[in-house]
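**Student:** Sequence:
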Amino acid sequence: MQAMGPVVAWAAGQKNLAKMDLSKAFHAIPVAEDQMNYAILDSRGQAYRYRRMPMGAMCAPKHFSMVMGKVLGELSDYDKVHVRSYQDDVVVISVTEWDVCEIWQVGTALKFTIRSRRQPTTGTGLHPTE
0 MQAMGPVVAW AAGQKNLAKM DLSKAFHAIP VAEDQMNYAI LDSRGQAYRY RRMPMGAMCA
60 PKHFSMVMGK VLGELSDYDK VHVRSYQDDV VVISVTEWDV CEIWQVGTAL KFTIRSRRQP
120 TTGTGLHPTE
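With the first letter of the sequence shown counted as 1, position 39 gets the number 38 in numbering that gives the first Met the number 0; the numbers rise by one all the way through.
FYI, nobody ran anything at the bench for these hints, they're computed from the structure. Heads up, the beta-carbon is just placed ideally off N, CA and C, and yes, glycines get one too. Just to be clear, a hint being listed does not mean it is correct.
[Claimed, not checked] With a Cα cut of at most 20 Å, we get these calculated EDC-like pairs of lysine to aspartate or glutamate:
(1) Lys69 with Asp20
(2) Lys69 with Asp98
(3) Lys18 with Glu101
(4) Lys18 with Asp88
(5) Lys23 with Asp98
[Unchecked claim] Each pair of labels, with its calculated beta carbon distance range:
(6) Ile28 with Leu74: 17 to 23 Å
(7) Cys58 with Thr95: 37 to 43 Å
(8) Gly12 with Val105: 23 to 29 Å
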């Protein structure tokens with residue numbers, strides 16, 4: 000899993016920065032059929048198998064990081080220079096503010112929660128237009 004330090008160092012001092020928070024990101028990763036017996040929840044005597052990666056699984060952050068590496072690896076070389084992931088966040092830097100606005104629109108269309116550098120990272124988490 001990628002450490003936070005290199006991502007912060009990479010993004011430090013950039014003029015235009017956006018962070019996409021992938022809501023319920025771990026649950027987007029399916030559990031392999033042969034692994035389902037290792038992720039079982041027992042509730043009131045009834046056993047349930049996870050079909051999606053459960054939050055809190057020790058391997059979840061590392062596995063999700065590998066998946067994000069594969070996904071981001073499909074980007075063009077130009078975009079690879081400007082995008083990093085950390086846990087369930089995607090950090091994007093850009094030369095122009097217009098590029099960040101474009102990314103914001105794409106992320107919003109994909110139902111990502113996106114916070115820019117100018118917004119607080121704590122509090123309500125509302126979009127600036129709300």
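**Student:** Against this structure, judge whether each hint is valid.
**Tutor:** Hint check:
no.: 1; hint: Lys69 with Asp20; in the structure: holds, 18 Å
no.: 2; hint: Lys69 with Asp98; in the structure: violated, 23 Å
no.: 3; hint: Lys18 with Glu101; in the structure: holds, 13 Å
no.: 4; hint: Lys18 with Asp88; in the structure: holds, 7 Å
no.: 5; hint: Lys23 with Asp98; in the structure: violated, 26 Å
no.: 6; hint: Ile28 with Leu74: 17 to 23 Å; in the structure: holds, 19 Å
no.: 7; hint: Cys58 with Thr95: 37 to 43 Å; in the structure: holds, 39 Å
no.: 8; hint: Gly12 with Val105: 23 to 29 Å; in the structure: holds, 25 Å
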